[in-house]
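With the hints as a guide, dock the two chains, each given alone in a separate frame, to form the complex.
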Amino acid sequence: MDTVVEPAAAAPATPATPEASGRAERPYDPADLSSLAFWSSTAAERERTFAELRAARPISWHPPVEGRLIDDPNDQGFWAVVRHADLVEVTRRHDDFLSGEGIVFDSVPKELLDAAQGFIAMDPPDHTKIRRLLVSAFTPKQMARIEDRIEANARRIVDDIAAKGEVDFVREVAMLVPMHNIFDMMDVPEHHRLTLAETSELIATYRDLPGGDPDETIAVLFESLTRFQVIAGEIIAERRAHPGDDLVSALVQAEIDGERLTDADISSFFALLMVAGNDTTRQSTAHGMKALTDFPEQRAWLMEDLAGRLAPAVEEIVRWATPIMTFRRTAARDCELGGQRITAGDKVIMFYASANWDTDVFEHPERLDLGRTPNKHISFGGGGIHHCLGNQLARRQLAATFRELLTRLPDIAVSGETVYGHGTFFHTVSSMPVTFTPEGR
Amino acid sequence: MRLTFDASRCCSSGMCESFAPDVFEIGDDGALEIHDPNPPDSERARIQVAVAACPTGALAIEE
Chain U
1 MDTVVEPAAA APATPATPEA SGRAERPYDP ADLSSLAFWS STAAERERTF
51 AELRAARPIS WHPPVEGRLI DDPNDQGFWA VVRHADLVEV TRRHDDFLSG
101 EGIVFDSVPK ELLDAAQGFI AMDPPDHTKI RRLLVSAFTP KQMARIEDRI
151 EANARRIVDD IAAKGEVDFV REVAMLVPMH NIFDMMDVPE HHRLTLAETS
201 ELIATYRDLP GGDPDETIAV LFESLTRFQV IAGEIIAERR AHPGDDLVSA
251 LVQAEIDGER LTDADISSFF ALLMVAGNDT TRQSTAHGMK ALTDFPEQRA
301 WLMEDLAGRL APAVEEIVRW ATPIMTFRRT AARDCELGGQ RITAGDKVIM
351 FYASANWDTD VFEHPERLDL GRTPNKHISF GGGGIHHCLG NQLARRQLAA
401 TFRELLTRLP DIAVSGETVY GHGTFFHTVS SMPVTFTPEG R
Chain X
1 MRLTFDASRC CSSGMCESFA PDVFEIGDDG ALEIHDPNPP DSERARIQVA
51 VAACPTGALA IEE
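Top line first, the protein sequences correspond to chains U and X.
For the first sequence, my numbering puts the final residue at 441, and the numbers step up evenly by one.
For the second sequence, my numbering puts the final residue at 63, and the numbers step up evenly by one.
This is chain X alone, in the form it adopts within the complex (with noise of 0.2 Å):
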């Protein structure tokens, strides 16, 4: 599983973050920084969750 994200459309919501902070954190400058592009497919569920709360799809699953 790897993540895609589009920095153009990234609002820095933060609601990946509050649903996956290991993964998702906005950074000091508000920007989205993704601690892990590849995570374990062990962590799916989770990240699907994250990534559908995206309000503007700057979010994706990559198979």
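Next up, chain U with everything else stripped away, as it sits in the complex (with noise of 0.2 Å):
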């Protein structure tokens, strides 16, 4: 597939199913959001042409991604939602918009999919009878009664670190402290948890992989998919058999209609929990620090009053980071969209970051402004029936982590090259190196 930024060069891949109403003759807008190049490039290099289609074209049809897994003969191209206001919109029909045709921009084999995607890629009634299981694991209150168990995996990580001076900021801090949340909730034993941290990695940087040939690329991700399900299997049975208080445990116990769910049922909502929980908070988090060494004057406002501003500072760092960059909708039926026709069975893409720099919303989306207040960022959604289960317990995660990281560790900050991800799912940071004053010295 070439590049395909020109409209004259944009000839669909395969011949267009010619029933597609008009799908294939469709034409492309000049604007690059297919490309390796432009996921390859900066966030900041991606809002110029973000900013140019919110401000003259919001709802533009694209080619194809370029370095898909596998080539899709139905996908002859997506539309582009760049717009705050839209965004939330197509979050909101979600009777239009459908999540069950999968919810990624990339095409991934439905095998991958259907192993890892769980109730995410779902629509009602189902999605919600299996989010019902689920949500009161999550709720304000509940975050409430865990919130010492949070408060000290933070403290634990930062113990690990503080003595070192020097340590890469991904390995040792963003990547543990979701892993120990989100592992703690669903009673993940300790031994198990990096191997599944690093599984879940794996499913977000996987357009990183040397060599870029999807063949391969698949090889690892379903070698990795195999090992993942050992765990999981096992994790699974042990709850069967001895069931507690964790998320695990109220998958297999549950009854969705009088009925039992399946192990593979329990396994791909073991797996998006796993990469819901672990890849999002992860991305913020580095994000974060990266931002608190970048802004020093903001970091300076912040520290003058810690426990008075750090949560409108989260707010701004989750805005800041926009984790999950992209969510994909696929058109039930014709329908309009900001002006636009959009017929039955057409990818919708919706770009998050794109979002969270509309100059309608935010003044100045550009500054770090960790006062930011209101601060309406769609990180966790644009408040549809699939708004981040997870919100509140990203929420004190953050808090937790930048109170015990910044009182502790005051100097911290970024020494070195950070080194980002290129894929179009997550904001990912691969590495991001630190140094600080040893802790006591």
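In short, the hints are calculated from the structure, not lab data.
Be a bit skeptical, because a hint or two may be false.
[What the hints assert, rightly or not] Distance windows between CB atoms, simulated: (1) 109/U <-> 21/X: 39 to 45 Å; (2) 36/X <-> 311/U: 24 to 30 Å; (3) 1/X <-> 227/U: 42 to 48 Å; (4) 1/X <-> 366/U: 38 to 44 Å; (5) 60/X <-> 140/U: 21 to 27 Å; (6) 296/U <-> 36/X: 25 to 31 Å; (7) 238/U <-> 21/X: 34 to 40 Å; (8) 60/X <-> 256/U: 26 to 32 Å; (9) 374/U <-> 62/X: 26 to 32 Å; (10) 61/X <-> 191/U: 51 to 57 Å; (11) 61/X <-> 95/U: 38 to 44 Å.
[Stated by the list, open to error] A few chain U residues that don't get close to chain X, going by computed Cβ distances all over 10 Å: (12) 134; (13) 140; (14) 172; (15) 229; (16) 241; (17) 337; (18) 359.
Even for Gly, the Cβ is constructed at its ideal location relative to N, Cα and C.
Here you go:
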């Protein structure tokens, strides 16, 4: 597949299904959201393209993303939704814009999606039933009950780096915070945690694998999926025998319309909780550390009243990070969106980083403003039925981690190159060295 | 002002609770509980925001 940026070069990869209501003949927008080069550039560079689209062509049609894992003959392109208001609208029109056809931008083998997407790629009524099984574990009330655990995990992670003076922040902090918190909630034994967090990381960063050959990447993903399924299967069997009050036990004990969930279903929900739990807050923690380094005057403002200012600061860090950059929907029927005719089966991609930089909603979005109020970021979603289940957990983890870090290691700062990933879904940071005065010196 | 609630549409997103936690609460069984179905008129603005935030239209205000 060529990089298609000029409309003249925009021939579909595969002859289009003629009855696809004109999708194949639809002209592509000249702005490039599809090339490997676009996704390998920085967030600031991508924002230049988003700004142009937000201003002039807020709902635009683009060729399929480059570097796809598999060729999908029905994939002739996607609609890009880049404005805040339109993203919220798509999110809330869940009858028009479905999740059941998949929620990732890339074309990925169905077996992999089925094994890992869980209920995020389901529509009502099934989605509602599954989500309800888990929602009580993530309510504000329940989060208040586990606040001590979240704080203890932050303390433990800072304890382990405090004497070192120099660490890779991603490996030794950002990765471990959400890993311990979500796996505490799922009661995943300590000895499995790193293996599962690394599996989760691979799912988030497969586009960065060396070589980049799709078949090799698929092989690596299947191998890692098998490793995951063995561990998850062991934990699921153990919970069937000895249920506790964790999330996996909730799933094995649940009945939907009088029927128990299958092991395959539970494994897929396990994978969703694992990936959504690990790969999101990991990125927000890392981007937050980078932002606190890059904006020293904002950091100084925060430190003047850390306890009083941490809540808005966490919101701004989550906006700044935008840990998930895209979600896909699929049009259920012919309908209209922002003046464009969308046809049944069209892929619709929401661009969260773009919506979080929309000047209709945010004054000077390019400035980190830790006191920003109101902060209507959509990093947790636009308020629809798929709104981030773990948003309260994420907020509490980020608050606990930065409270602990900034109090005990007050001069911690990024000290070298930050390496970003090239994925289209998670806004990943692969490595980021930090230095600090070791505690007690 | 009276709140009505269609449990069959509720997806337990908790959006209402995030705007008015004293009125709405997702219980331990995942179902929404409305603490005060007849909130005072002084609370109207806040309750309207919470009701409008429901992604499935499960909540409504009856006059």
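Now the hints, each set against the structure:
Checked against the hint of 39 to 45 Å, the C-beta distance between residue 109/U and residue 21/X comes to roughly 43 Å, which is consistent with it. A beta carbon spacing of about 26 Å between residue 36/X and residue 311/U agrees with the range 24 to 30 Å that was offered as a hint. Between residue 1/X and residue 227/U, the C-beta spacing of about 55 Å breaks the proposed range 42 to 48 Å. At about 42 Å, the beta-carbon gap between residue 1/X and residue 366/U stays in the expected band of 38 to 44 Å.
The hint said 21 to 27 Å for the Cβ distance between residue 60/X and residue 140/U, and at roughly 23 Å that hint holds. Against the hinted window of 25 to 31 Å, the Cβ-Cβ separation of residue 296/U and residue 36/X comes to about 47 Å, which falls outside the hint. Here the CB-CB span from residue 238/U to residue 21/X is close to 36 Å, well matched to the stated 34 to 40 Å. Checked against the hint of 26 to 32 Å, the pair residue 60/X and residue 256/U passes, with Cβ atoms roughly 28 Å apart.
A beta carbon spacing of about 29 Å between residue 374/U and residue 62/X agrees with the range 26 to 32 Å that was offered as a hint. In this structure, residue 61/X and residue 191/U meet the distance hint of 51 to 57 Å, their C-beta atoms being roughly 52 Å apart. Separation of residue 61/X from residue 95/U is about 23 Å and departs from the stated range, judged on CB atoms against 38 to 44 Å. The Cβ of residue 134/U does not lie farther than 10 Å from every Cβ of chain X; its closest approach is about 8 Å, which violates its non-interface assignment.
Not every beta carbon of chain X lies more than 10 Å from that of residue 140/U, the smallest distance being close to 7 Å; the non-interface claim is violated. Non-interface call for residue 172/U relative to chain X: holds, since the shortest CB-CB distance, roughly 33 Å, exceeds 10 Å. With a cut of 10 Å on Cβ distances, residue 229/U stays outside the contact zone with chain X, its closest approach being about 27 Å. Distance check for residue 241/U against chain X: the nearest CB is about 24 Å away, which clears 10 Å, and the non-interface claim stands.
At the 10 Å boundary, the C-beta of residue 337/U stays outside the reach of chain X, the nearest C-beta of that chain being 17 Å off. Against the 10 Å criterion, residue 359/U stays outside the reach of chain X, whose nearest CB is about 24 Å from its own CB.
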